[in-house]
Amino acid sequence: MSSSVDTTVIDQTPAARHHFESLEQQKDASTIGMWVFLITEIMFFGGLFMAYFAYRQAYPAAFASASNKTTLWIGAVNTTVLICSSLTMALAVRCAATGKKNLIVLFLVLTLLLGSVFLGVKAYEYHDKWVHHEIPGEHFECEGCTDAGHASLFFALYFGMTGLHATHMIIGAGFLIFLIIKASKGAYTPRWFTPVEMFGLYWHFVDIVWIFLFPLLYLIDRSGAAK
Amino acid sequence: MITTAPPPVETKKNYLNSQEGLKSWLLTSDHKRIAILYLITVVAFFFIGGLFAVLIRLELATPAGDLVDSNTYNKFFTMHGIIMVFFFLIPSIPAILGNFVLPMMIGAKDLAFPKINLLSWYIYMLGGVFTLYVLLSGGVDTGWTFYTPFSTSYSNGYVIAAGLGIFINGFSAILTGLNFIVTVHRMRAPGLTWFRLPLFVWAHYATSMIQVLGTPVIAVTLFLLVLERGLHIGFFDPAYGGDPVLFQHLFWFYSHPAVYIMILPSMGVVTEIMTTFCSKKPFGYTFIAFSSVAIAVFGFLVWGHHLFVSSQSVYAGMVFSVLSYIVAIPSAIKVFNWIATMYKGSVRLETPMLYAIGFIGLFTVGGLTGLFLASLGMNVHLTDTYFVIAHFHYVMVGGAIMGFMGGIHYWWPKMFGVMYSQLWSKVAAITIFMGFNLTFFPQFFLGYMGMPRRYHVYPPEFQVLNVLSSAGASILGVGYMIAFCYLVWSLKFGEKAPPNPWGATTLEWQTTSPPITENFEVTPVITQEAYTYTSEEVVHVV
Amino acid sequence: MANHNTHSNPNVRHEGTEHHTEHIVPIGIYIGVFLALVVLTWVTTFVSTIDLGRLNIFVALSIAIFKASLVLLFFMHVKYGTRLTKMIVLSGIYWLFLLLFIVMMDLWTRNWMGVPGR
Numbered sequence: 001m002s003s004s005v006d007t008t009v010i011d012q013t014p015a016a017r018h019h020f021e022s023l024e025q026q027k028d029a030s031t032i033g034m035w036v037f038l039i040t041e042i043m044f045f046g047g048l049f050m051a052y053f054a055y056r057q058a059y060p061a062a063f064a065s066a067s068n069k070t071t072l073w074i075g076a077v078n079t080t081v082l083i084c085s086s087l088t089m090a091l092a093v094r095c096a097a098t099g100k101k102n103l104i105v106l107f108l109v110l111t112l113l114l115g116s117v118f119l120g121v122k123a124y125e126y127h128d129k130w131v132h133h134e135i136p137g138e139h140f141e142c143e144g145c146t147d148a149g150h151a152s153l154f155f156a157l158y159f160g161m162t163g164l165h166a167t168h169m170i171i172g173a174g175f176l177i178f179l180i181i182k183a184s185k186g187a188y189t190p191r192w193f194t195p196v197e198m199f200g201l202y203w204h205f206v207d208i209v210w211i212f213l214f215p216l217l218y219l220i221d222r223s224g225a226a227k
Numbered sequence: 001m002i003t004t005a006p007p008p009v010e011t012k013k014n015y016l017n018s019q020e021g022l023k024s025w026l027l028t029s030d031h032k033r034i035a036i037l038y039l040i041t042v043v044a045f046f047f048i049g050g051l052f053a054v055l056i057r058l059e060l061a062t063p064a065g066d067l068v069d070s071n072t073y074n075k076f077f078t079m080h081g082i083i084m085v086f087f088f089l090i091p092s093i094p095a096i097l098g099n100f101v102l103p104m105m106i107g108a109k110d111l112a113f114p115k116i117n118l119l120s121w122y123i124y125m126l127g128g129v130f131t132l133y134v135l136l137s138g139g140v141d142t143g144w145t146f147y148t149p150f151s152t153s154y155s156n157g158y159v160i161a162a163g164l165g166i167f168i169n170g171f172s173a174i175l176t177g178l179n180f181i182v183t184v185h186r187m188r189a190p191g192l193t194w195f196r197l198p199l200f201v202w203a204h205y206a207t208s209m210i211q212v213l214g215t216p217v218i219a220v221t222l223f224l225l226v227l228e229r230g231l232h233i234g235f236f237d238p239a240y241g242g243d244p245v246l247f248q249h250l251f252w253f254y255s256h257p258a259v260y261i262m263i264l265p266s267m268g269v270v271t272e273i274m275t276t277f278c279s280k281k282p283f284g285y286t287f288i289a290f291s292s293v294a295i296a297v298f299g300f301l302v303w304g305h306h307l308f309v310s311s312q313s314v315y316a317g318m319v320f321s322v323l324s325y326i327v328a329i330p331s332a333i334k335v336f337n338w339i340a341t342m343y344k345g346s347v348r349l350e351t352p353m354l355y356a357i358g359f360i361g362l363f364t365v366g367g368l369t370g371l372f373l374a375s376l377g378m379n380v381h382l383t384d385t386y387f388v389i390a391h392f393h394y395v396m397v398g399g400a401i402m403g404f405m406g407g408i409h410y411w412w413p414k415m416f417g418v419m420y421s422q423l424w425s426k427v428a429a430i431t432i433f434m435g436f437n438l439t440f441f442p443q444f445f446l447g448y449m450g451m452p453r454r455y456h457v458y459p460p461e462f463q464v465l466n467v468l469s470s471a472g473a474s475i476l477g478v479g480y481m482i483a484f485c486y487l488v489w490s491l492k493f494g495e496k497a498p499p500n501p502w503g504a505t506t507l508e509w510q511t512t513s514p515p516i517t518e519n520f521e522v523t524p525v526i527t528q529e530a531y532t533y534t535s536e537e538v539v540h541v542v
Numbered sequence: 001m002a003n004h005n006t007h008s009n010p011n012v013r014h015e016g017t018e019h020h021t022e023h024i025v026p027i028g029i030y031i032g033v034f035l036a037l038v039v040l041t042w043v044t045t046f047v048s049t050i051d052l053g054r055l056n057i058f059v060a061l062s063i064a065i066f067k068a069s070l071v072l073l074f075f076m077h078v079k080y081g082t083r084l085t086k087m088i089v090l091s092g093i094y095w096l097f098l099l100l101f102i103v104m105m106d107l108w109t110r111n112w113m114g115v116p117g118r
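Residue numbers (our numbering), protein chains in the order written: chain A, 1 to 227; chain B, 1 to 542; chain C, 1 to 118.
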């Protein structure tokens with residue numbers, strides 16, 4: 001058997017945990033574990049997507065007019081920012097695999113920065129909605145919305161879905177800080193960089209969720225044609 | 001070829017005494033110790049849930065609402081349901097027996113992620129704390145099903161705390177399921193291919209699939225429920241444009257597969273017990289293995305049978321009805337396989353076997369009555385009556401709990417190195433079986449005659465059957481108390497158990513009772529099919 | 001009794017370990033995928049401003065699915081991963097679709113059987 005990861009000497013650090021027989025087995029297990037976790041996340045967000053489809057099908061005019069209250073180009077720019085952060089994350093993992101220690105830190109920091117920009121823009125958008133009373137609840141107002149009663153459902157889903165997404169990003173940012181610190185101390189080598197890789201999977205997943213949120217929340221009936 | 005003979009039981013260090021002190025238990029990463037932690041807490045919740053059952057049956061002994069008022073009664077059945085479903089049944093076998101036995105059955109030293117295993121227990125405890133808080137503050141009265149808009153807008157109970165408690169508890173189940181899936185994929189001993197696995201492992205793998213795919217949906221649903229109750233956003237409340245039926249769809253998408261989370265591990269236990277006490281390999285190994293997976297997969301397609309009278313479309317109702325009939329088939333296949341295993345086997349009626357045989361009878365009744373309910377026309381008459389209650393108690397108590405009790409009695413010598421009283425265990429098993437039937441069989445008639453569920457009053461003509469049911473409940477309770485007593489007594493005074501008191505043929509019996517912390521002295525190498533091991537043959541030293 | 005004797009090598013291969021080498025994806029692929037994702041983002045933004053009637057959502061979701069696939073296959077290395085990884089990903093997607101489509105089946109067929117209100 002040939003492997004670019006040397007598993008013959010398992011008493012050198014980093015060593016596999018005691019219940020594993022080899023680093024390869026441990027890494028394999030971690031990868032499967034992370035993927036299983038990500039499909040639980042698919043189902044978790046899935047419930048919200050379900051509610052979205054149900055209500056959009058029931059109240060298409062309300063959803064279209066409410067969606068137009070979001071700012072199209074801000075959404076597109078933010079999507080681009082997040083895609084950039086996915087690139088930097090993928091490059092960070094690659095650098096870990098190829099042993100470029102300083103670049104790992106650089107790309108992780110860039111990922112964190114880009115993620116923070118995304119969150120900052122979201123905060124701005126939330127503030128904007130707050131100012132226009134577009135928060136569902138007692139004081140909800142939707143200026144110029146058709147079917148305002150049901151437009152609030154759109155906003156409920158908007159805040160619920162992007163809020164859950166933002167929470168995942170904030171948690172991700174926390175992990176990134178941890179990874180940056182560890183990476184700058186040289187913890188990640190081509191022999192063992194599993195946390196970086198696993199975090200990368202998580203970060204890309206959060207990006208994928210946004211890839212769907214963007215068209216569903218920002219791009220309903222932007223042509224202004226009457227439904 | 002050198003073999004390791006089982007060391008003398010009295011002197012060996014094992015997982016129980018290898019480290020001392022509370023901290024070594026609360027910070028353990030040993031799957032066996034975590035199983036014991038779960039055992040204590042899960043059983044504690046069982047008794048709390050049982051207490052509510054006692055209160056329910058006390059009220060229902062008389063037609064009038066003379067013990068408590070209807071609001072309080074609503075809280076009784078709600079707390080009974082929440083605690084029994086989420087804090088007892090779902091974790092029971094996987095978190096206790098699965099945690100303890102599964103790594104040993106596959107020749108592993110531990111689960112894939114031992115620390116996450118411990119985290120699962122702490123998350124379970126945190127969810128439990130929320131639930132106890134609800135209990136002590138005055139309870140929640142929405143039914144364990146939390147239907148909206150009552151739960152979001154009108155209930156005066158502690159809905160948010162209860163919802164959060166279950167939400168948190170869900171993550172415990174998700175992490176356990178995740179751990180099992182990775183463990184079964186990557187921690188099997190050399191030579192242990194999928195079709196050499198014990199069927200208990202297949203059952204837990206299938207269960208873990210459901211936990212991982214279904215639990216997140218109820219998590220997000222309860223999350224939305226809590227948001228709605230707190231902020232009146234309008235997801236599920238028609239007053240704000242929401243759809244209560246959407247809540248029901250999201251709730252049952254998980255809660256139906258949840259019942260398979262409860263029954264599949266139990267079926268796994270029954271297969272193990274059958275094999276051992278019939279001294280015969282399970283009939284139709286492949287069928288049982290594939291049926292477990294089929295139940296897990298098909299179980300996700302039938303949830304609409306809980307919505308037949310909810311204004312769900314009739315077309316969807318028909319589809320769900322057909323699928324509900326289909327999902328019964330793999331379970332039936334298993335029942336046939338167990339009976340065929342017993343046929344011409346040399347049957348020993350030890351206590352675990354009594355529970356397994358009881359399981360087959362009671363689960364069959366429960367399963368068949370499920371088919372009555374799956375029929376659209378019958379369902380209109382039977383839904384929300386005591387027929388439903390009888391049906392699900394037959395499968396969940398007569399099925400899942402009998403399996404749990406059987407499993408506890410089967411693996412008790414392995415877990416603690418002691419034997420319990422054979423006489424009292426058989427007395428308890430028979431008491432439980434008879435008490436159970438007396439409690440729930442009359443409820444089929446009550447339901448058919450029209451007694452609604454979740455009511456604390458009923459017409460006087462139903463009293464006789466209700467009294468029988470309440471009498472049965474007291475017998476059932478006595479049975480569980482007897483079991484609790486002799487099991488606890490055995491910990492201190494029980495006869496020392498040999499490594500393999502039952503003559504079983506799976507890997508966990510080829511090591512000491514109780515096992516050492518690492519489970520095996522040497523990782524076994526598997527060269528044979530399942531259920532064929534004895535100490536001399538399986539464990540190789542390199 | 002056959003003895004496979006896999007224990008002679010201390011690096012005993014545990015059952016289920018699918019052997020695969022660590023695959024390093026060329027930077028060019030990452031950049032290419034990145035550019036495709038950015039371009040598609042602006043394409044979908046632009047297309048949404050054109051009235052295609054019922055096709056709008058279909059186009060938007062198709063582009064989103066394609067973008068997600070690119071991220072999955074290349075950034076998340078599913079293309080270079082084990083069969084098990086691919087199975088897990090497909091299961092997740094399949095179960096999500098079960099949830100979405102079966103509930104929508106109820107909502108879309110509400111008037112099919114001619115029963116009032118259902």
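Honestly, the hints are just simulated from the structure, not real lab data.
Since the model is a prediction, treat every value here as computed from it, not as a measurement.
From the three backbone atoms N, C-alpha and C, an ideal C-beta is built for every residue, glycine too.
Be aware that one or more of the hints could be misleading.
[Unchecked claim] Partial pick of chain B residues on the chain A-facing surface, computed with a CB cut under 8 Å: (1) L37; (2) I40; (3) P114; (4) L118; (5) Y122; (6) H185; (7) P216; (8) V217; (9) V220; (10) T221; (11) P238; (12) L246; (13) L250; (14) G435.
[What the hints assert, rightly or not] DSS-like cross-link-like pairs, simulated, lysine-lysine; straight-line CA separation at most 27 Å: (15) C:K79 with A:K185; (16) B:K496 with A:K182; (17) A:K185 with B:K115.
Quick one: which hint numbers does this structure break? Sort them smallest to largest. Hint check: 1, 2, 4, 5, 11, 14, 15 and 16 fail, others pass.
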